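A.B. asks: Given the coordinates of chain A, assemble chains B and C onto it according to the supplied hints.
Single-letter residue listing:
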Amino acid sequence: MLLRVKNLKKSFGSDTVLDDISFDVKKGEVIAILGRSGCGKSTLLRCLNGLERIDGGEIFLEEALITKSGAGYRHWTEIRKKIGMVFQSYDLFPHMNVLNNIILGPVRVEKRSRKEAVAEALKHLERVGLLEKQSSFPRELSGGQKQRAAICRALCMNPQIILFDEVTAALDPEMVREVLDVIKGLRDQGLTMLIVTHEMAFAEKVADKIIFIENGKIIETNTPEKFFSSPGTEEAKRFLNLLGNQAG
Amino acid sequence: MNNFELVGIFAKASLVTIEVALLSIAIAFIIGLISAIFLFYKMPVLKTLVTVYIEFFRNTPPLIQAYFIFYGLPKIFMTLDSFTCSVIVLALLGGAYMCEAVYSGVKAISVNQKELAMAIGLSRLDTIRYLILPQSLAISIAAINNNAIFLTKEVSTMKLILLPEILYQAFSIISLRPDLMIPVMVLMVICYLVILIPMSYVFSRMERKIRYAEFGY
Amino acid sequence: MQNSGIENIIKAFPQLLGGISVTIKISIIALVLSVILGFTLGVIMTFKNRLLQGVLRILLEAFRLIHPIIWLFIFFFGAAYVLNINTNDVVVSILVFTLWGTFETADLVRSFITSLPKSQYESSMALGLSRPQMYIFVLLPQVVARTIPSIVNLATRLIKTTTLVYLIGVSEVLKISQNIIQLTYYRNPNSYIPFTMYLFLLIIYFIICYPLSLLARYLEKKAMA
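Chains as they are written, first to last, in this note's numbering: chain A, 1 to 248; chain B, 249 to 465; chain C, 466 to 690.
Don't read these hints as lab results, they were simulated from the structure. In this text the structure is predicted, and so the values were computed from the model without any measurement. Keep in mind that the hints are not guaranteed to be accurate.
Stated by the list, open to error - Computed beta-carbon distance windows for the label pairs:
id, chain 1, residue 1, chain 2, residue 2, range
1, B, Asn394, C, Ile668, 25 to 33 Å
2, B, Asn360, C, Ile668, 36 to 44 Å
3, A, His75, C, Leu581, 20 to 28 Å
4, B, Thr332, C, Ala545, 33 to 41 Å
5, C, Val520, B, Pro446, 22 to 30 Å
6, C, Ala545, B, Pro446, 31 to 39 Å
7, A, Glu234, B, Asn360, 51 to 59 Å
8, B, Tyr378, C, Ala545, 52 to 60 Å
9, A, Glu126, B, Asn360, 51 to 59 Å
10, A, Leu131, C, Leu677, 42 to 50 Å
11, B, Val255, C, Ile509, 35 to 43 Å
12, B, Arg425, C, Val520, 33 to 41 Å
13, C, Gly519, A, Glu126, 47 to 55 Å
14, C, Val520, A, Glu126, 52 to 60 Å
Claimed, not checked - Below, a list of computed lysine-lysine pairs in the DSSO-like style, where the Cα atoms sit at most 27 Å apart:
id, chain 1, residue 1, chain 2, residue 2
15, A, Lys82, C, Lys583
16, C, Lys687, B, Lys295
17, B, Lys362, B, Lys290
18, C, Lys476, B, Lys323
19, C, Lys687, B, Lys290
20, C, Lys583, A, Lys111
21, A, Lys81, A, Lys115
22, C, Lys513, A, Lys9
23, A, Lys27, A, Lys82
24, C, Lys686, B, Lys355
25, B, Lys362, C, Lys686
26, A, Lys9, C, Lys583
27, A, Lys68, C, Lys513
28, A, Lys133, C, Lys687
29, A, Lys81, C, Lys583
30, A, Lys237, A, Lys9
31, A, Lys82, A, Lys111
32, C, Lys686, B, Lys290
33, A, Lys81, C, Lys513
34, C, Lys583, A, Lys68
No residue lacks a Cβ here, since even glycine has one placed at the ideal position from N, Cα and C.
Pulled out of the complex, with its shape left as it was, chain A reads as follows:
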């Protein structure tokens, strides 16, 4: 089991945002996390790579506990080499061109040689269709291009899991497709991914498992076919009805 989450609890002040979350992730599995806005999906992802400290429960990566108390910045730096993340706001570094954005991690964090990092970066860029943009700066790129570059940046660290936090939410509809295609390609390569998204059709096609969260609790875990056609819980039914024709 690659990732194990047990009884995760997270509060902001008196607000309990995540309550007793438990699930497992197998190697090569793609899990889509769905739910209304504000139900805690993003917070869950951020707990997995230490951007948020949890208030209860445990997280195991490759059977090793990663949320031990007293875990400082350096501990999480090690974890983040294995768990990568792509944000909704892409957050490329504006003062570097695309290529440098991508190789910063490999060269500085993993201490790989620049030549090697560049070769790998170019490979990824080609696969997402951004090879000609390698010397461009983020301000010259469209939203979709920036997001694809951000995905390359995460990929170049060769993580075991990548977390996608609503990566298409800030994009114009035309650009959503190109990013989703990239993610689909990654799934075909066997990358383990946790995807928080609102794109229901996409979730149905790409995910192996759906985790539906409401009010900080996991309401239902199911396969995509079953979840979208006949969900088991009342809340899931209400959620899917709310989203109307988005599924299928």
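C.D. replies: Relative to chain A, chains B and C alone:
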């Protein structure tokens, strides 16, 4: 010279500082206001004069400005005492900065306001009084206050043109009685803090009040 | 024209220029040190230690509130008295103006760093960058471009304010000009040389500072883009 006399000397010196500061700030503000109006209405000759004035006073050392007015002008004009000179120098210097402060607030107000006023036939004076100034004040007030504090601090520079303010007295006493170094230093710093800290505090409260009245937060 | 003293000024031009160069040198040294120390201090001011920030805040306000001329006075005469040493006028000048410039730069750098969007921190962390790496490769480069106009502005202010070192006896342009004025009076008691001399100095300083002002304004516009 006992401690009592020392405090007395510094108290008087502080008063001199405050007088010079207040006068300079007031005059500088008026100069700044008028200059900003000239800039705002783009009055042909006056606009250039103001620009030259501002650039000159902002790009030359205040000390040499003071020397010029105190030692240089009397030779072809008339002799001025250090108090008057200090006020003139600081008012002119401050005026340049005040103009920038006021004008930045004025610029921020949409040009439409000026044209709107002209369209309904509002006189230029009334436009300024009722439309432009009230709105721009909220924006400029922080810069205006900073200039006021800057001018107050700059009064100590006037020691060098023989203004009997705090630093001047400290320097004189130390030259005669170096043994009084520590009490003099302490008194000097206390005097400046007593003047500047309340000033700073009053200004913050003023800024907060004006910002609330104008913008509601 | 006889009484204007202009010939003496022209004759003494090299010395006057020498005097100005003394204050310019002090300004340059203070500027360079201020930038280096200021950036370091600015980064330190973004750390989250309450006690440290409190102390630094007080030091910063103290230096802001009290005019450099007072600090010159305190450091030159006060230190000599208390520490019983011969304070060197130029060294004290450099010290005072470096401290002044450092605190100004530090506050600037700190405010620019904290104004960067939180997402820059988070994507750096998500990549696994260590804190020093995050500062060196991501945060500071973005901040440096924005500080440059203010640094040019600081240079101008330093050049104007270092004239005050006359107070502690540095042999700079004001002192030299006074010598020339005295000499002129000796030969020609009717001279109005102070008028010409100080006007002349004002013009020289203007020629030095105005281009810097324009440069700062131009850089500011570019940084905004």
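A.B. asks: Indicate, hint by hint, whether the structure satisfies it.
C.D. replies: Cross-check of the supplied hints:
In this structure, Asn394(B) and Ile668(C) meet the distance hint of 25 to 33 Å, their C-beta atoms being roughly 28 Å apart. One distance hint, 36 to 44 Å for the beta-carbon pair Asn360(B) and Ile668(C), holds here, with the actual separation near 42 Å. For His75(A) and Leu581(C), the hinted distance range of 20 to 28 Å is satisfied, since their beta carbons lie about 25 Å from each other. Take Thr332(B) and Ala545(C): their Cβ atoms lie about 35 Å apart, and the range 33 to 41 Å holds.
The hinted window of 22 to 30 Å between Val520(C) and Pro446(B) holds, with their beta carbons roughly 24 Å apart. For Ala545(C) paired with Pro446(B), a C-beta distance near 32 Å keeps the hint of 31 to 39 Å intact. For Glu234(A) paired with Asn360(B), a C-beta distance near 56 Å keeps the hint of 51 to 59 Å intact. Restraint check, Tyr378(B) to Ala545(C): a C-beta distance of roughly 59 Å satisfies the suggested window 52 to 60 Å.
Checked against the hint of 51 to 59 Å, the pair Glu126(A) and Asn360(B) passes, with Cβ atoms roughly 52 Å apart. Distance hint check: the CB atoms of Leu131(A) and Leu677(C) are about 45 Å apart, consistent with the given range 42 to 50 Å. At roughly 39 Å, the beta-carbon separation of Val255(B) and Ile509(C) lies within the given 35 to 43 Å, and the hint holds. The hinted window of 33 to 41 Å between Arg425(B) and Val520(C) holds, with their beta carbons roughly 34 Å apart.
As the Cβ distance of Gly519(C) to Glu126(A) is approximately 53 Å, the hint placing it in 47 to 55 Å holds. The given range of 52 to 60 Å is respected by Val520(C) and Glu126(A), whose C-beta atoms sit roughly 53 Å from each other. Under the criterion of a C-alpha separation no larger than 27 Å, the hint pairing Lys82(A) with Lys583(C) is consistent with the structure, at around 22 Å. Annotation: proposed proximity of Lys687(C) to Lys295(B) holds, straight-line Cα distance about 26 Å (limit 27 Å).
Proximity of Lys362(B) to Lys290(B) is assessed by CA-CA distance (about 12 Å); at most 27 Å being required, the pair is judged to hold. Between Lys476(C) and Lys323(B) the alpha-carbon distance is near 22 Å, which keeps this suggested pair within the 27 Å criterion. Under the criterion of a C-alpha separation no larger than 27 Å, the hint pairing Lys687(C) with Lys290(B) is consistent with the structure, at around 26 Å. Among the hinted pairs, Lys583(C) with Lys111(A) is consistent with the structure: their alpha-carbon atoms are about 26 Å apart, no more than 27 Å.
Between Lys81(A) and Lys115(A) the alpha-carbon distance is near 20 Å, which keeps this suggested pair within the 27 Å criterion. For the hint linking Lys513(C) to Lys9(A), the alpha-carbon distance of about 26 Å falls within 27 Å, and the restraint holds. Between the alpha carbons of Lys27(A) and Lys82(A) the distance comes to roughly 13 Å, so the proposed pair stays at or under 27 Å and holds. A distance of roughly 16 Å separates the Cα atoms of Lys686(C) and Lys355(B); the hinted pair therefore holds under the 27 Å criterion.
With a C-alpha separation of about 26 Å, the suggested pair Lys362(B) and Lys686(C) falls inside the 27 Å cut-off, and the hint holds. A distance of roughly 24 Å separates the Cα atoms of Lys9(A) and Lys583(C); the hinted pair therefore holds under the 27 Å criterion. Taken as a hint, the Lys68(A) and Lys513(C) pair is honoured in the structure, with Cα atoms around 23 Å apart against an allowance of 27 Å. Between the alpha carbons of Lys133(A) and Lys687(C) the distance comes to roughly 25 Å, so the proposed pair stays at or under 27 Å and holds.
For the given pair, Lys81(A) sits about 20 Å from Lys583(C) by alpha-carbon distance, which is consistent with the 27 Å threshold. For the hint pairing Lys237(A) with Lys9(A), the CA-to-CA distance comes to about 25 Å; that is within 27 Å, so the pair holds. Only pairs whose Cα atoms come within 27 Å are accepted, and Lys82(A) paired with Lys111(A) is accepted, the gap being roughly 15 Å. For the suggested pair Lys686(C) and Lys290(B), the alpha carbons sit about 22 Å apart, so the restraint of at most 27 Å is met.
Using a Cα cut-off of 27 Å, the hinted pair Lys81(A) and Lys513(C) holds, with the two alpha carbons roughly 25 Å apart. The straight-line distance between the Cα atoms of Lys583(C) and Lys68(A) is roughly 25 Å, inside the 27 Å bound, and the hint therefore holds.
Comparing the model with each numbered hint stated earlier shows that all of them hold.
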